[in-house]
Structure formats: C-alpha cells, structure tokens
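K.L.:
Here's the letter readout for the chains.
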Amino acid sequence: NAGVMQNPRHLVRRRGQEARLRCSPMKGHSHVYWYRQLPEEGLKFMVYLQKENIIDESGMPKERFSAEFPKEGPSILRIQQVVRGDSAAYFCASSPPAKAGETQYFGPGTRLLVL
Amino acid sequence: AQSVTQPDIHITVSEGASLELRCNYSYGATPYLFWYVQSPGQGLQLLLKYFSGDTLVQGIKGFEAEFKRSQSSFNLRKPSVHWSDAAEYFCAVGAYNNNDMRFGAGTRLTVKP
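So the sequence lines, in the order shown, correspond to chains A and Z.
Mapping to our numbering: the first sequence position 74 is 74, numbers consecutive.
Mapping to our numbering: the second sequence position 66 is 66, numbers consecutive.
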C-alpha cells in the first residue's frame with residue numbers, strides 16, 4: 001500500500017512564475033492537509049480539504065495561494081507569482097474519512113526554491 | 001484554537017543517555033496529542049498518539065509519552081538514546097471536533113557519540 005505521494009520532490013521557480021505542487025493521498029483516504037515548513041521553523045497548517053470541498057483554509061495566505069482536491073486526481077496546491085519568501089518545504093498529509101483526531105500520514109514533501 | 005509550545009529548540013544528549021522532550025499544549029477540551037519525527041530531508045513519521053485512556057502511551061522505536069492534564073503537557077521520553085534518533089521532533093495537538101492539527105516549532109535532537 002503506497003503512502004502519501006508528492007511531486008515534484010524539488011521545484012525551482014523564478015520570481016513571478018507559478019508553482020504547482022501535487023499530492024496523492026493514501027488509498028482509501030479522502031482528506032488532505034497541506035502544511036508549510038519554513039527553514040528552521042515548524043510546520044504551519046495551510047488548508048484542509050475533502051474531495052471537491054475546502055473544509056478549512058484559515059492558514060492560507062489571502063493572495064496567490066489556492067488549493068483544490070478534485071473528484072478525480074491528486075490534490076493541487078497552486079502558488080501564483082511566486083516570491084522568494086515562498087521558498088519552503090510543503091508537506092501534504094492524508095487521513096481516512098475523518099472523525100476527530102484521525103491520524104494524518106505525511107508525504108515526503110516538495111521543496112520549493114524561488115530564485 | 002489549539003496551540004503547542006515546544007520550549008527547547010535544540011537538545012544534545014550522549015548516546016545511551018535518557019531523553020525527555022517537552023511539549024505543552026493549549027486547548028479548552030480534551031486534546032488529541034501526537035509526536036512526529038522528521039529526519040533531514042524527509043517527511044514526518046508518527047511516533048505515537050494519545051486520544052484517551054491510559055495517560056502513558058507507548059510508541060515506535062522505544063519512545064513513550066505521558067499526558068498530564070494538570071500540566072497541559074505531553075512530554076516524550078526514551079530511556080536510552082541511539083545515534084539514529086538524531087532528528088527533529090514535533091509535537092502536535094488536534095481538536096475533538098475537527099481534524100485540524102497544530103504543530104509546535106520542533107526540537108532538534110543531536111546525539112553525541
């Protein structure tokens with residue numbers, strides 16, 4: 001049973017370009033979470049999604065960032081017009097249909113570098 | 001909303017010595033508590049979790065943690081540290097009515113030979 005998959009593992013973008021990060025949850029998991037980890041910092045919650053539905057986006061920056069989890073295919077975290085401050089590791093986690101406190105399983109992360 | 005504090009940014013212990021990593025949480029009801037470990041360049045691996053019941057929780061790799069409601073703490077312990085335990089450790093708290101988790105800033109563990 002494959003774990004949470006993220007791609008690409010490393011992504012380099014120039015300022016002003018778009019970054020698309022993909023996350024395929026574990027089989028049977030219908031909930032996806034995105035976190036950002038800045039250098040020397042902990043994980044910051046960004047967004048929590050079910051299929052075709054955003055449950056909580058309280059951690060998402062108001063501009064340039066968006067997330068989706070379509071009925072078919074992976075979850076996508078999209079960052080438009082990237083800036084140097086967006087350089088970070090972005091982690092995706094998934095869980096089964098969530099009752100409270102369900103364990104989240106993490107992917108290996110995508111490391112974004114903005115030049 | 002729930003929050004977590006890990007007071008120690010960096011801890012160094014000798015191999016074979018005991019380890020305790022501190023975690024304090026803030027939440028108005030019974031929390032769900034987790035410890036994750038992150039090796040350099042890797043994702044997070046769950047070490048253990050507390051939902052209810054016995055306040056002393058056993059995890060993988062010989063780790064354990066104790067939930068103390070009176071102190072709002074969930075400290076991670078290991079009796080004898082191995083060099084392979086060197087990593088970043090994150091405490092996290094979840095709420096009873098949703099599945100959002102909040103992470104502490106992490107504690108980096110260095111193991112001396």
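Read the hints as simulated data drawn from the structure, not as lab findings.
Misleading hints may appear alongside valid ones.
Partial list, computed: chain Z residues near chain A (C-beta under 8 Å) [claimed, not checked]:
| hint | residue |
| --- | --- |
| 1 | PRO40 |
| 2 | LEU44 |
| 3 | GLY62 |
| 4 | ASP85 |
| 5 | ALA105 |
| 6 | GLY106 |
Using 20 Å as the maximum straight-line C-alpha spacing, the simulated DMTMM-like pairs for lysine to aspartate or glutamate come out as follows [as the list claims (entries may be wrong)]:
| hint | chain 1 | residue 1 | chain 2 | residue 2 |
| --- | --- | --- | --- | --- |
| 7 | A | LYS51 | A | GLU102 |
| 8 | A | LYS62 | Z | ASP100 |
| 9 | A | LYS44 | Z | GLU88 |
Computed far set for chain Z versus chain A, every beta-carbon distance over 12 Å [to be verified]:
| hint | residue |
| --- | --- |
| 10 | ALA1 |
| 11 | ARG22 |
| 12 | GLY41 |
| 13 | SER70 |
| 14 | GLY94 |
Every residue, glycine too, gets a C-beta built ideally from N, C-alpha and C.
K.L.:
Give a verdict on every hint.
P.N.:
Here's how the hints hold up against the structure:
no.: 1; hint: PRO40; verdict: violated, 11 Å
no.: 2; hint: LEU44; verdict: holds, 4 Å
no.: 3; hint: GLY62; verdict: violated, 20 Å
no.: 4; hint: ASP85; verdict: violated, 19 Å
no.: 5; hint: ALA105; verdict: holds, 4 Å
no.: 6; hint: GLY106; verdict: holds, 5 Å
no.: 7; hint: LYS51/A <-> GLU102/A; verdict: holds, 17 Å
no.: 8; hint: LYS62/A <-> ASP100/Z; verdict: holds, 19 Å
no.: 9; hint: LYS44/A <-> GLU88/Z; verdict: holds, 15 Å
no.: 10; hint: ALA1; verdict: violated, 8 Å
no.: 11; hint: ARG22; verdict: holds, 14 Å
no.: 12; hint: GLY41; verdict: violated, 8 Å
no.: 13; hint: SER70; verdict: holds, 21 Å
no.: 14; hint: GLY94; verdict: violated, 5 Å
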